[in-house]
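Residue numbers (our numbering), protein chains in the order written: chain A, 29 to 369; chain B, 29 to 369; chain C, 29 to 369.
Hints listed in this document are in silico derivations from the structure and should not be mistaken for laboratory results. Among the clues, some could well be false.
According to the in silico footprint, chain C covers these stretches of chain A (three or more CB under 8 angstroms from chain C) [to be verified]:
hint: 1; segment: 153 to 160
hint: 2; segment: 275 to 286
The calculated lysine-lysine pairs, modelled on DSS-like cross-linking and capped at a C-alpha distance of 30 angstroms, are [what the hints assert, rightly or not]:
hint: 3; chain 1: C; residue 1: Lys-161; chain 2: C; residue 2: Lys-176
hint: 4; chain 1: C; residue 1: Lys-343; chain 2: A; residue 2: Lys-342
hint: 5; chain 1: C; residue 1: Lys-73; chain 2: A; residue 2: Lys-350
hint: 6; chain 1: C; residue 1: Lys-158; chain 2: B; residue 2: Lys-155
hint: 7; chain 1: C; residue 1: Lys-73; chain 2: B; residue 2: Lys-256
hint: 8; chain 1: C; residue 1: Lys-161; chain 2: C; residue 2: Lys-117
hint: 9; chain 1: B; residue 1: Lys-73; chain 2: A; residue 2: Lys-328
hint: 10; chain 1: C; residue 1: Lys-256; chain 2: B; residue 2: Lys-350
hint: 11; chain 1: B; residue 1: Lys-363; chain 2: C; residue 2: Lys-161
hint: 12; chain 1: C; residue 1: Lys-342; chain 2: B; residue 2: Lys-342
These numbers come from a predicted model, not from an experiment. Where a beta carbon is used, it is the ideal one built from N, C-alpha and C, also for glycine.
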Amino acid sequence: MEFKAKDIASLLRGVVEGDENVTVNNVSKIEEGKPHTLAFLANPKYEHYIYTTRASIVLVNADFQPSAPLSCTLIRVPSAYEAIAVLLKMYENMRPQPSGIEQPSFIHETAEIGEGHYIGAFAYIGKGVKLGKNVRIYPHAYIGDGVKVGDNTTIYAGVKVYYGCEIGNFCTIHAGTVIGADGFGFAPSTEGYNKVAQIGNVVIEDNVEIGANSCIDRATMGSTRILKGVKLDNLIQIAHNVVVGENTVMAAQCGVAGTAKIGANCMFGGQVGIAGHISIGDGVHLAAQSGVMGDIEAGKTFMGAPAFEVAQYKKAYVVFRKLPELYGQLRDLKKEIQTLK
Amino acid sequence: MEFKAKDIASLLRGVVEGDENVTVNNVSKIEEGKPHTLAFLANPKYEHYIYTTRASIVLVNADFQPSAPLSCTLIRVPSAYEAIAVLLKMYENMRPQPSGIEQPSFIHETAEIGEGHYIGAFAYIGKGVKLGKNVRIYPHAYIGDGVKVGDNTTIYAGVKVYYGCEIGNFCTIHAGTVIGADGFGFAPSTEGYNKVAQIGNVVIEDNVEIGANSCIDRATMGSTRILKGVKLDNLIQIAHNVVVGENTVMAAQCGVAGTAKIGANCMFGGQVGIAGHISIGDGVHLAAQSGVMGDIEAGKTFMGAPAFEVAQYKKAYVVFRKLPELYGQLRDLKKEIQTLK
Amino acid sequence: MEFKAKDIASLLRGVVEGDENVTVNNVSKIEEGKPHTLAFLANPKYEHYIYTTRASIVLVNADFQPSAPLSCTLIRVPSAYEAIAVLLKMYENMRPQPSGIEQPSFIHETAEIGEGHYIGAFAYIGKGVKLGKNVRIYPHAYIGDGVKVGDNTTIYAGVKVYYGCEIGNFCTIHAGTVIGADGFGFAPSTEGYNKVAQIGNVVIEDNVEIGANSCIDRATMGSTRILKGVKLDNLIQIAHNVVVGENTVMAAQCGVAGTAKIGANCMFGGQVGIAGHISIGDGVHLAAQSGVMGDIEAGKTFMGAPAFEVAQYKKAYVVFRKLPELYGQLRDLKKEIQTLK
């Protein structure tokens with residue numbers, strides 16, 4: 029299928045600059061741009077590619093000011109990143125989606141399955157499970173007894189959801205993620221440890237996306253809660269009784285220890301660690317690999333392990349790199365003072 | 029079901045303080061305590077909740093001294109944490125457990141399966157596998173050829189156990205964990221790397237619990253060993269030929285490199301990394317995110333990356349945070365000395 | 029089966045020192061060496077074991093100079109590590125390999141499967157999949173629609189490969205690894221985040237080995253690429269649009285953020301983190317737990333978080349450990365200067 033620049037601009041409420049009749053049939057990255065494809069420029073770091081790209085159309089932010097001549101047609105939009113998201117979504121939606129029930133699968137006779145479903149081969153749907161409308165359960169997914177899944181949710185291959193957990197509407201859970209395994213609770217005893225039974229569950233609200241091979245443990249009592257709009261990347265650990273606030277985003281390999289409370293609209297870089305029983309305010313940003321051992325007030329940006337305010341951390345780290353030199357200077361000063369005395 | 033305070037106290041060998049006939053029908057967290065539920069207070073950090081909780085009964089440590097009036101009934105026990113563990117276990121045990129063999133499943137004709145078993149749908153039991161009594165193998169678990177599993181062990185959905193590995197009695201392996209994948213061994217060659225075949229196995233002793241999506245690699249030769257009573261959380265990496273000593277506990281996302289030897293009764297925080305070929309003594313504690321590059325003597329507590337003794341680390345880190353200030357002071361001193369000269 | 033020292037030496041092009049007719053029937057680790065087994069010594073750290081090992085034969089590097097009498101027979105080879113790899117490979121190859129198609133499995137009628145295959149029970153082979161010759165797909169593996177797998181590749185139990193990804197020849201993918209899940213891309217919107225559809229794929233070239241429970245995300249557009257000969261350990265995260273260069277090796281739990289470009293022949297220790305959109309040159313070595321926030325030139329060795337050159341880092345860290353002392357010295361100097369003034 030061919031699309032004209034003017035039609036794409038119209039769809040995105042953008043403005044064409046250049047040949048409005050040039051056509052594209054695919055998307056590409058600006059650095060690999062091929063003729064008859066559409067690319068986008070959102071990160072200024074990639075600006076230099078726009079002057080040499082062979083892509084026919086480039087989506088740019090409305091305020092983009094080229095510093096050299098361009099051979100491509102521009103479409104100016106309020107946000108190039110949001111606009112490309114719209115186009116990729118359209119492209120994705122053209123891909124046929126699976127539907128129906130593949131065999132063999134295991135569906136308990138008491139399970140309720142809404143309309144518009146896909147149940148892949150080897151999927152396991154336990155006793156009393158309730159699946160909403162337009163739910164897609166890919167092969168090898170395990171939906172334990174009594175689990176509830178809302179409308180329009182997709183659960184990819186090999187996801188494991190333990191008994192009694194709840195997943196909202198419009199959620200996406202990627203392959204291999206485990207929801208509702210026992211929280212890590214052991215009481216010391218004379219002979220080692222006694223397991224603390226974990227009788228709570230996991231509640232995942234609407235519009236949550238969780239990456240691949242992540243783990244969200246069930247609560248000891250009550251619920252581990254992932255609130256509306258949260259986005260978790262791959263290989264993330266969320267321990268028992270944690271609450272992750274609305275629209276908080278965590279990059280891959282973050283770990284949150286038990287009963288920690290994470291605010292709304294936080295952003296964590298990769299491999300961040302959060303200690304148990306602490307509270308992170310709304311809108312907190314954490315640099316990758318930060319280790320947080322105490323509460324953080326709303327709106328702060330922290331870095332380091334143990335983490336503190338990013339601006340201070342960076343200053344301290346600049347001096348850290350000079351420590352051998354600084355050590356030498358101190359030694360010299362001591363000598364000079366001896367001489368003076 | 030309703031339980032009276034006096035009956036619970038009798039069961040737990042505790043002492044009632046307040047209305048011994050008050051009843052509960054569920055458990056709750058002290059901060060969310062509802063009427064007719066039982067909560068517990070073990071961590072002093074949560075003490076303030078006891079003065080306002082609506083829970084009808086609260087389990088406390090025998091030496092708890094309230095600093096304000098209480099409206100709940102107390103049950104004093106030697107250890108509130110151990111006592112709640114007993115109650116949660118009873119609650120958990122009331123939940124019906126699956127049994128029998130679900131279909132379709134794959135059980136090799138040479139496999140031996142003890143009494144009291146559960147084999148979930150889509151479970152794979154390979155050639156020559158031996159499962160003890162009361163073993164539960166959940167759906168999508170893969171038990172490779174020749175694997176041995178002891179009595180009363182539970183293997184959750186989607187666990188993969190490669191050929192020839194051994195798992196003891198009373199073990200619990202959570203969903204998605206992989207036991208016995210090849211150790212990461214490659215010998216440099218002129219054209220890249222040649223794989224070193226990993227012909228050993230993994231041996232997991234009794235009373236071990238392993239969380240979700242963890243990995244225990246098979247040994248190059250001999251065995252990777254997880255000794256009695258070890259508790260490993262989610263997303264942990266144990267490399268080939270590692271030995272983890274009895275009753276050692278590791279929080280999520282720890283990684284132990286090849287041939288490291290970890291002592292007994294160690295406690296590692298989350299995201300700790302242990303270098304290969306080193307030895308960690310018994311009873312070593314490591315703060316979260318520690319990176320250990322050399323041997324550690326028994327009984328030490330280390331922190332940092334590279335890790336050293338925690339008290340020293342914390343002192344060094346206090347100064348690290350002041351480094352910009354310290355740097356300024358040094359500069360000032362240099363000036364003053366110039367002036368003096 | 030029994031093997032004589034002289035026959036093993038002949039096979040490995042080595043030289044016997046001691047009884048050339050002594051026989052072995054198994055391999056063992058030098059520290060656990062038993063009679064009638066063959067051990068090897070490659071890491072000088074283990075040299076002391078050779079003087080007491082009960083192994084009948086020990087493979088050593090050609091230049092090994094014993095510092096005490098030996099009771100074992102030596103076989104000197106150019107590289108003991110490469111030689112043991114050859115022997116272990118032979119041992120491994122004697123183990124019978126599965127073949128044929130186990131039931132139940134799901135193979136779409138349009139899938140093409142080469143000769144010499146093994147398709148385990150509960151494996152899912154999607155629409156239009158193409159598997160080369162001698163491909164082994166273990167139980168519970170999910171091979172999504174349109175996936176291509178080259179010759180002689182092994183995909184272990186429970187691996188999930190999303191639609192449209194490509195895997196080369198002579199690759200090994202260990203259990204639980206997820207290839208081609210959506211990259212982590214979201215555009216901020218007024219109500220949270222809008223998902224950016226990820227319409228690219230993952231391309232894995234020849235001779236790649238990937239450990240267990242790792243994640244390689246599909247590209248937003250184009251491909252995430254793992255080039256020839258790369259070796260990735262367990263629990264590794266490779267984000268969308270990353271390129272990992274030829275023969276690069278990463279230890280467990282490394283994470284590489286989106287669009288980073290990693291050169292050839294790099295070696296990363298465990299738990300390393302690489303920021304998005306940066307470029308790491310060829311032959312870069314990174315110490316375990318390094319955090320890399322900017323480009324690194326070819327051939328460098330870095331350490332720390334944020335990482336810089338390892339020699340400098342180690343010097344700075346030596347002073348870091350002395351910071352409390354250094355702080356005291358500075359305070360003393362200030363006093364002395366006050367006195368002098």
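Hint check results:
For the segment 153 to 160 of chain A, the assignment as covered by chain C is violated, since 0 residues bring a beta-carbon within under 8 angstroms of that chain's beta-carbons and 3 are needed. Counting residues of the segment 275 to 286 of chain A whose CB falls under 8 angstroms from any CB of chain C gives 5; the rule of at least 3 is met. As the CA atoms of C/Lys-161 and C/Lys-176 are separated by approximately 12 angstroms, the hinted pair is consistent with the 30 angstroms bound. Our distance criterion of 30 angstroms between C-alpha atoms is met by C/Lys-343 and A/Lys-342, whose separation comes to about 19 angstroms.
For the given pair, C/Lys-73 sits about 34 angstroms from A/Lys-350 by alpha-carbon distance, which is inconsistent with the 30 angstroms threshold. Distance hint between C/Lys-158 and B/Lys-155 is fulfilled; the C-alpha atoms sit about 29 angstroms from each other, no more than 30 angstroms. A distance of roughly 28 angstroms separates the Cα atoms of C/Lys-73 and B/Lys-256; the hinted pair therefore holds under the 30 angstroms criterion. The hinted pair formed by C/Lys-161 and C/Lys-117 meets the criterion: a straight-line CA distance of about 21 angstroms does not exceed 30 angstroms.
The straight-line distance between the Cα atoms of B/Lys-73 and A/Lys-328 is roughly 24 angstroms, inside the 30 angstroms bound, and the hint therefore holds. Distance restraint check for C/Lys-256 and B/Lys-350: the Cα-Cα separation of roughly 47 angstroms exceeds the 30 angstroms cut-off, and the hinted pair is therefore not satisfied. Using a Cα cut-off of 30 angstroms, the hinted pair B/Lys-363 and C/Lys-161 is violated, with the two alpha carbons roughly 76 angstroms apart. The straight-line distance between the Cα atoms of C/Lys-342 and B/Lys-342 is roughly 19 angstroms, inside the 30 angstroms bound, and the hint therefore holds.
In this structure, the earlier hints numbered 1, 5, 10 and 11 are contradicted, and the remaining ones agree with it.
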